[in-house]
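K.L.:
What follows is the residue order along each chain.
Number of protein chains: 2
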Amino acid sequence: MKQIADLQDTDLQTLHRDVQAEYDAFRARGLALDMTRGKPAPEQLDLANGLLSLPDNRDHHSEDGVDARNYGGLQGLPEVRALFSTMVGAPPERIVVGNNSSLAIMHDCITWALLKGVPGAPTPWSQGPTPTFLCPVPGYDRHFAICEDFGIRMLPVPMTGQGPDMDEVERLVADPTVKGMWCVPKYANPTGEIYSVETVRRLAAMRTGAPDFRLFWDNAYAVHHLTDRHHAIANILDLCETANHPDRAFLFASTSKVTLAGAGLAFFASSPANVRWYLERAAKRTIGPDKLNQLRHVRFLKNEAGLLRHMEAHRALIAPKFEAVTSALEQRLGGTGVAQWTKPDGGYFISVDGMAGTAKRVVELAQKAGLALTPAGSTWPYGRDPDDRNLRLAPTYPPLKDVRIASEGIALCILLAAIEKTLLSSR
Amino acid sequence: MKQIADLQDTDLQTLHRDVQAEYDAFRARGLALDMTRGKPAPEQLDLANGLLSLPDNRDHHSEDGVDARNYGGLQGLPEVRALFSTMVGAPPERIVVGNNSSLAIMHDCITWALLKGVPGAPTPWSQGPTPTFLCPVPGYDRHFAICEDFGIRMLPVPMTGQGPDMDEVERLVADPTVKGMWCVPKYANPTGEIYSVETVRRLAAMRTGAPDFRLFWDNAYAVHHLTDRHHAIANILDLCETANHPDRAFLFASTSKVTLAGAGLAFFASSPANVRWYLERAAKRTIGPDKLNQLRHVRFLKNEAGLLRHMEAHRALIAPKFEAVTSALEQRLGGTGVAQWTKPDGGYFISVDGMAGTAKRVVELAQKAGLALTPAGSTWPYGRDPDDRNLRLAPTYPPLKDVRIASEGIALCILLAAIEKTLLSSR
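In order, the protein sequences belong to chains F and L.
Every letter in the first sequence is one number past the one before it in the numbering used here, and letter 285, counting from 1, is 288.
Every letter in the second sequence is one number past the one before it in the numbering used here, and letter 123, counting from 1, is 126.
These aren't lab readings, by the way, just hints derived from the structure by calculation.
All copies of an identical chain are treated as equivalent in the list; a pair is satisfied when it fits inside any one copy or across any two copies.
In silico BS3-like pairs for lysine-lysine, Cα to Cα no more than 30 Å straight-line:
(1) K346 <-> K424
(2) K119 <-> K287
(3) K404 <-> K346
(4) K404 <-> K5
(5) K404 <-> K363
These numbers were taken from a predicted model, which means no experiment stands behind them.
Next up, chain F with everything else stripped away, as it sits in the complex:
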């Protein structure tokens, strides 16, 4: 198909009529499909149903004889920290196991940094000038929501295909009010990007204006591969240590998209000083996490090989859904020049950049056709996409046949919005 931009007005109007008719027909089907959130499908959760009757009555003690039913064990059971050590990217003694939400751990690190400060902080963040976070875009809306909620200023940084634009990052972190940066280093949400070794090295080595600057390293998709290429990223903790910035990185991970989304384990990992800091703060908040759920995970996954086998089973269920989306987009939009989209090797999202100024309209058109999409702009700080262009598609939850239908509909909406936009601007 010809590039929309190259079409004569009359051809464009003809195309508009045809595509509008297709859209009306699609809309007439009265569908109700949801592609808004990165939520595992029931079949994916079924893979972990073994957890539902564990640890069972026969054995509720940890390897070192701790009764997992009682209070205590703030850092988490040693065997759990060992099992997830590679996934988290830290040795067991630098890992803390929390309850079911890594977002909660990130939130707590920010509230504690604001009220108490982090190791090396001249003052708590709330007592200095308004703190700023760097936010690679497009990014994760829930990261941005925490910053917005606590009045932390957010500066967007463009992604390059190798991770964030490091020249820009190095320029911005010179400002001492820049206290942190959100990073999803592997299969990033939503672009699927993988930070290159060079990007990670520069993040670890760069000079920051703030002595208490922290990388919020949300490695949410460490083992969430969609292809045979199991990409690895450089170890941020090691590189920070080498660069004499041992306390720079806060690592976060969880099993929400490994075992059970609502009943997984979350992890914090960092330098010895940061881990001491975290445990000291956490000790004021709780006597300990749910150790029975930790035992459940060890009994069920058994070891790292078991974890990786489990992730292969996920891949078998969701890779076809990602394929369905990208092929529908290719089929409908290939050659039109109205959109680019990612073909991620892992993670939970496909990121689509439509024609500038059309994202809101696409979501509106989709909504009228019974397709729920994440609000346009939600991948940007404050929900403001300056180009009104980025769309985040989450194909994991609906059944494959629905993903196919929804993707055709979304492609249609993207095309229709682009034609409308072109017609307007050619007037």
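Let chain F serve as the given structure and place chain L on it in line with the hints.
P.N.:
Structure of chain L alone, referenced to chain F:
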């Protein structure tokens, strides 16, 4: 036995020799017993072992068809809120179910009040003058630790047998910097006191200088009876509403000492405005709590009758331990005038007031004899008991025979410390 204070010097010295000899003999036994924390015994946890294989693979959906394995459900499953409604003292729609720690919910309410303010707050607490909390004493060390950690000033208020001294409380809350008050209204930690209807009514009705004053109502022992007298307390939410202070009380409760100490459910309850506030804040922190653990609790306890039966089984296990402590104290210290102690109808602690200026020495003597006691002063803000008198005994965890031995040893230490003190002051 004669009151120590009435003894002649020579009799006192004789007694000192005898008691010292007894103590040395006790110490020679080289025991290692722990009465420091209110921790359920393994036998108590066994009562809830049914949870360890639930919800099982057959049914992981809530009554309204929600898949408890997946994300969401921030407020908690309706059937869980219904099951614990009476225990918590609020209708289901005013209850929020958290993960395994009510302390964590209290901590979060304080961090959010500091950073964001509560409904009706002119500013976040951290942006006004140093906030102050009233702390009935003796009280719960972990409450005080949160305040100390965040620089919240603490003012002790004496307990009266009916709850805190309300004349004093009403006088102090006139100060607008007094933003909160810790309350354990039933079977209080550590005195076992039960707030009278009049006390609760006055707390609800009193005029506070701060428009955003909050009662932190930690009803940790609502169903934790040790006798046939199942004491009830007045409903603080209702009374606050009647007194036109509907948003005054934050309620907290948990099943840590009902089902499993490390894997229970925690609850927040309050007015509609406060619940909206809490959910709005919590939504930034997590996508939802562990709903599978909620289902476990419903499947296991079934209904309120099941909950109360379960608590009766606890009572059968721990009431004899409380009896062992009080009878050992009575036998050894009765008539000596050196100590008073509580005989609680519920809860987890026995509070002992020894002779002024001896508590630290008692803990030291006990420690040397292999008896671990909670540090003297820990029931007071900043760990400072001005009279160095109060001791908190936690008899639930050790086996009954150990509780007997430990109690005899503790009584001996209390007596010896009192004799030493009297000898010194008589010099």
